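*Asks:* Here are the chains, one letter per residue:
2 protein chains.
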Amino acid sequence: MEDPCEARGVLGIVGDKWALLVVRMLKDGPRRFTELKRSIDGISQRMLTVTLRDLERDGILTRTVHAVMPPHVSYELTSMGRTLREATAPLLEWSIEHLPLIAAARAEYDDR
Amino acid sequence: MEDPCEARGVLGIVGDKWALLVVRMLKDGPRRFTELKRSIDGISQRMLTVTLRDLERDGILTRTVHAVMPPHVSYELTSMGRTLREATAPLLEWSIEHLPLIAAARAEYDDR
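Heads up: the protein sequence lines correspond to chains A and B, in order.
Position one of the first sequence corresponds to residue 1 (the UniProt record's numbering), numbered consecutively onward.
Position one of the second sequence corresponds to residue 1 (the UniProt record's numbering), numbered consecutively onward.
Don't read these hints as lab results, they were simulated from the structure.
Here the structure is a predicted model, which means the values were calculated and not measured.
Glycine included, C-beta positions come from ideal geometry on N, C-alpha and C.
Incorrect hints may have been included.
As the list claims (entries may be wrong) - Chain A is faced by these chain B residues, among others (derived, beta-carbon under 10 angstroms):
1) 89
2) 92
3) 93
Said to hold, decoys possible - Under 10 angstroms between C-beta atoms, here's a sample of chain B residues computed to sit facing chain A:
4) 16
5) 88
6) 91
7) 95
Could you put the whole structure together from the sequences, leaning on the hints where they help?
*Replies:* In structure tokens, the structure reads:
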């Protein structure tokens with residue numbers, strides 16, 4: 001494909017750092033809202049809510065309300081969400097691996 | 001790695017839809033600003049300028065000013081940028097491949 005403009009709408013959701021991190025956090029099974037909030041450093045309540053709703057709308061995850069006491073909500077990847085997780089893994093690994101090189105490049109740029 | 005918070009700063013740059021599209025557009029060699037602007041549907045002049053500067057700062061691409069008449073500026077992936085391009089390819093391919101499924105999921109969600 002030479003023209004990625006159709007993909008742009010999709011990337012607006014899945015090519016978002018918070019979405020990438022949420023999808024990664026769900027790789028080992030369902031998680032509660034509070035668990036996600038705690039494990040994704042720096043995400044606000046509002047941003048997590050919006051990210052989860054967008055990913056649910058796109059069929060990446062399901063939201064389940066547990067009517068127990070106390071009631072809680074959990075999120076789980078769909079089968080499509082699991083394929084997305086696989087597709088995002090190389091980008092996450094790249095980011096971790098290149099952190100020092102990027103930090104060095106930034107320092108050099110800022111010193112100019 | 002269980003804690004991706006360090007990677008968050010990097011993802012803020014490379015996990016951005018415009019950055020993903022710019023990196024993709026440079027895969028076959030250097031491109032001028034005007035070529036990038038034309039080939040990335042919907043990107044504003046300002047957003048392209050900011051995205052290119054962030055990617056240059058992070059060592060993903062180089063910016064070259066050509067002092068000819070008329071003068072122009074071109075952008076080219078660094079060797080680190082080329083490895084980023086490889087890491088983002090699965091996510092872009094996933095996005096294209098799953099467009100119809102995502103559109104269907106959105107329609108179903110919005111009909112609830």
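*Asks:* A separate judgement is required for each hint: does it hold in the structure or not?
*Replies:* Tested hints:
Below 10 angstroms, beta-carbon pairs count as interface contacts, and residue 89/B has one with chain A at about 8 angstroms; its hint therefore holds. Hint status for residue 92/B relative to chain A: holds, with the closest Cβ pair at about 6 angstroms, below 10 angstroms. Because the beta carbon of residue 93/B sits about 7 angstroms from the nearest beta carbon in chain A, less than 10 angstroms, this interface hint is met. Annotation: residue 16/B was flagged as interfacial toward chain A, and the flag holds, the nearest CB pair being 7 angstroms apart, inside 10 angstroms.
A distance limit of 10 angstroms between C-beta atoms decides the matter here; for residue 88/B the minimum to chain A is near 6 angstroms, and the interface restraint holds. Checking residue 91/B against chain A: minimum C-beta separation of about 5 angstroms stays under 10 angstroms; hint holds. At a threshold of 10 angstroms, the smallest CB-CB gap from residue 95/B to chain A is about 4 angstroms, leaving the interface hint in force.
Violation of the numbered hints given earlier is absent; every hint is satisfied by the structure.
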